[in-house]
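A.B. asks: Residue numbers (my numbering), protein chains in the order written: chain A, -3 to 393; chain B, -3 to 393.
One thing to keep in mind: the hints can contain errors.
Which copy? The list can't say, so a pair holds if one copy fits it or any two copies do.
As the list claims (entries may be wrong) - Simulated crosslink set (DMTMM-like; lysine to aspartate or glutamate; CA at most 25 Å straight-line):
#1 K280 x D353
#2 K280 x E326
#3 K336 x D150
#4 K367 x E383
#5 K280 x D128
#6 K303 x E369
#7 K280 x E152
#8 K343 x D150
#9 K280 x E324
It should be emphasised that the hints constitute simulated quantities derived from the structure, not laboratory data.
Keep in mind it's a predicted model, so treat the numbers as computed, not measured.
Spelled out, the chains give:
Protein chains: 2
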Amino acid sequence: MRIMVLGGDGYLGWPTAMHLSGRGHTVAVVDNMARRAWDYEFGAESLTPLCSLQERIATWQTLTGRSIAAYIGDLTDYTFFEPAVRDFQPDAIVHYGEQRAAPYSMIDRRHAVFTQVNNIVGTLNVLYAIADHVPDCHLVKLGTMGEYGTPNIDIEEGFITITHNGRTDTLPYPKQPGSFYHLSKVHDSHNIMFCCRIWGIRATDLNQGVVYGVDTEETAIDERLATRFDYDGVFGTVLNRFIVQAVAGLPLTVYGQGGQTRGFLDIRDTLACVELAILNPPDKGEYRVFNQFTEQFNVLELAQAVKAAGEELGMPVMIHNLPNPRVERESHYYNAAHTKLLDLGLKPHYLNETLIDSMFEVVQQHRSRIKEELVMPGVDWRRTHNEVAVTGAPVAA
Amino acid sequence: MRIMVLGGDGYLGWPTAMHLSGRGHTVAVVDNMARRAWDYEFGAESLTPLCSLQERIATWQTLTGRSIAAYIGDLTDYTFFEPAVRDFQPDAIVHYGEQRAAPYSMIDRRHAVFTQVNNIVGTLNVLYAIADHVPDCHLVKLGTMGEYGTPNIDIEEGFITITHNGRTDTLPYPKQPGSFYHLSKVHDSHNIMFCCRIWGIRATDLNQGVVYGVDTEETAIDERLATRFDYDGVFGTVLNRFIVQAVAGLPLTVYGQGGQTRGFLDIRDTLACVELAILNPPDKGEYRVFNQFTEQFNVLELAQAVKAAGEELGMPVMIHNLPNPRVERESHYYNAAHTKLLDLGLKPHYLNETLIDSMFEVVQQHRSRIKEELVMPGVDWRRTHNEVAVTGAPVAA
Chain A
-3 MRIMVLGGDG YLGWPTAMHL SGRGHTVAVV DNMARRAWDY EFGAESLTPL CSLQERIATW
57 QTLTGRSIAA YIGDLTDYTF FEPAVRDFQP DAIVHYGEQR AAPYSMIDRR HAVFTQVNNI
117 VGTLNVLYAI ADHVPDCHLV KLGTMGEYGT PNIDIEEGFI TITHNGRTDT LPYPKQPGSF
177 YHLSKVHDSH NIMFCCRIWG IRATDLNQGV VYGVDTEETA IDERLATRFD YDGVFGTVLN
237 RFIVQAVAGL PLTVYGQGGQ TRGFLDIRDT LACVELAILN PPDKGEYRVF NQFTEQFNVL
297 ELAQAVKAAG EELGMPVMIH NLPNPRVERE SHYYNAAHTK LLDLGLKPHY LNETLIDSMF
357 EVVQQHRSRI KEELVMPGVD WRRTHNEVAV TGAPVAA
Chain B
-3 MRIMVLGGDG YLGWPTAMHL SGRGHTVAVV DNMARRAWDY EFGAESLTPL CSLQERIATW
57 QTLTGRSIAA YIGDLTDYTF FEPAVRDFQP DAIVHYGEQR AAPYSMIDRR HAVFTQVNNI
117 VGTLNVLYAI ADHVPDCHLV KLGTMGEYGT PNIDIEEGFI TITHNGRTDT LPYPKQPGSF
177 YHLSKVHDSH NIMFCCRIWG IRATDLNQGV VYGVDTEETA IDERLATRFD YDGVFGTVLN
237 RFIVQAVAGL PLTVYGQGGQ TRGFLDIRDT LACVELAILN PPDKGEYRVF NQFTEQFNVL
297 ELAQAVKAAG EELGMPVMIH NLPNPRVERE SHYYNAAHTK LLDLGLKPHY LNETLIDSMF
357 EVVQQHRSRI KEELVMPGVD WRRTHNEVAV TGAPVAA
């Protein structure tokens, strides 16, 4: 198949591009290098050293004999994106090409507006390009489990059957997202569902949990194929940050009580899920939603797992509870369905000591690159102005 | 109270500004004249002749002794809007300042992107300006009943209590909007609800039905105070179009079967509802939703009412069923709650022969201004390119 990976230079985009190329698909990546530029905004960088996209593609070609095409430009610029789609004629588009950090969207008004405009316009452009040039193309869109928030009832996969005053309908699951970023994904989901209805587009919305891990079958081939490992307060996700804190001898910073429960998955399962979605496309006009995670944990449980693994490796690890910079429930019911990808054949890599140990190994290998000043949260949800991008260093909440 | 009316030069904004000024409030309007500019895009204009905003304000001052301030600029430009809010210090902001036509948003990609960016960014700017400068200010936001779509269960006012797998929660009512415009209102609603939660903003989301009528207590004072009457295929609403068609001797064009049921209200009730919301504000941090309509009709029923009234006035009136340019159910269950505004004291003006006759009178008075070529629908939901703005004349569906 011909597959276009939007955001194909990013944390998940690049491993996905290699994975699909390795399986024999014809792959093109589209990227505007925004993620690399955001690092400069904060004086941050990936813990793992990164080659340029051009070097990555050349290395992949040399080592595997397979080529990956690259279109460098911005999805919000239709004069760039439309000809790229017309030229490449994808059978599937995997859409990671969005601003994907909740704290980034909460820095201030400019970052909130940027996040929503960037994500919404990019996705509208993708929908129009599909309708106009590749109407049978399958859109595989990365959403987030954060679209649902933390309702007091079971979370279903995209839709819920409601009986009310004696009548019944199956309706989009109510959304209660917790940041301007998460809101942008909710807006995308509504827009995509509508376009499937009016134009007959086929789409899979992958409401993904928090991804951990950095090694995939393909990144492991050569260090020049490595993907990002973010641990800073803006782009770093929780497990990465905890392991960096443990290795740096810093306390693990749990936001609030740590009872916040979320869905998680291994990066290798992200690649497997995207591939399963592509190989099992929806019908024309069908909008379907898969909840893409394999296990639920709360933040304190993750901190305790990292503490145990660190101490096993001989590091003393402390856990600190910080005042929560986010506005979220710290103790709540959480039970989310996630059977549709298992039904398609997903074989999960569950989080275990071996995986945590391998992440410790990566972090220890690059220990000298840790910038401790970047780890603390610099963005407070209750403020409309956070100085993180003004000083170049995060401000403690 | 100090009340700022965003979109205060528009169909509802101007009558609202006068109504609130007439009740003794200190009123400022904010407008960028976009609605007048869109007329030039299509070679259209209001059936009722309109004075400029400056002439309207001068006339109002002369006739009532009351002044209305005006800030002319674009809500999406924060360097304009922030100082306006800081300067005026509103106790309430009534937000009509959005692109409000579904067909306009469905013309093509540019109009879809414009509508969503314009509406979302404008509303984000309003939310930030309130949080930063007038944190106690009450946001009265115009939404639309179209956010809900046509579910097969009763529509509630913003939230629904769901019992699922033995647990219960009250959650945002699921949304199934039917155009990029209606989607923009859904996006706004999610953004506003979130800002109430994180910043303690108080907001009322008025999910309004289709408004009809052109005369209010204040517009009736002097013809220079008249508000718009749109009948074109892009901005005209259904009852207006039918009456213009009847007066012009054209068949009434019912889209499809005409079984599409919607909520409707008289323009005078819009003003009353907005005033009731302002006088009964929500608590700090509260996001509430009122369904703002007074009666449900389907499109065919309205056509039949106009036909009957026209024939009573001696005009032969035909009804034609057109292929539906929209993608919507033409026969469906529809039962939407609308008790919250009645509980606050709304006394509805129901649609009756007298009101329809008075609309006929307005149209007959301005009969020579009717441009017949503008009445037909020029925008087809199934197309990604509609030529309406290219040729200056609508293209038949």
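A.B. asks: State for each hint whether it applies.
C.D. replies: The hints, checked one at a time:
1. K280 x D353: neither (44 Å within a copy, 48 Å between copies)
2. K280 x E326: between (41 Å within a copy, 22 Å between copies)
3. K336 x D150: within (15 Å within a copy, 29 Å between copies)
4. K367 x E383: within (18 Å within a copy, 55 Å between copies)
5. K280 x D128: So K280 and D128 pass the 25 Å test inside one copy only (15 Å; across, 46 Å).
6. K303 x E369: within (21 Å within a copy, 74 Å between copies)
7. K280 x E152: Within one copy only: 23 Å inside, 32 Å across.
8. K343 x D150: Within. Shortest intra-copy distance 23 Å satisfies the 25 Å Cα cut-off; inter-copy 41 Å does not.
9. K280 x E324: Intra 38 Å, inter 18 Å, cutoff 25 Å: inter-copy only.
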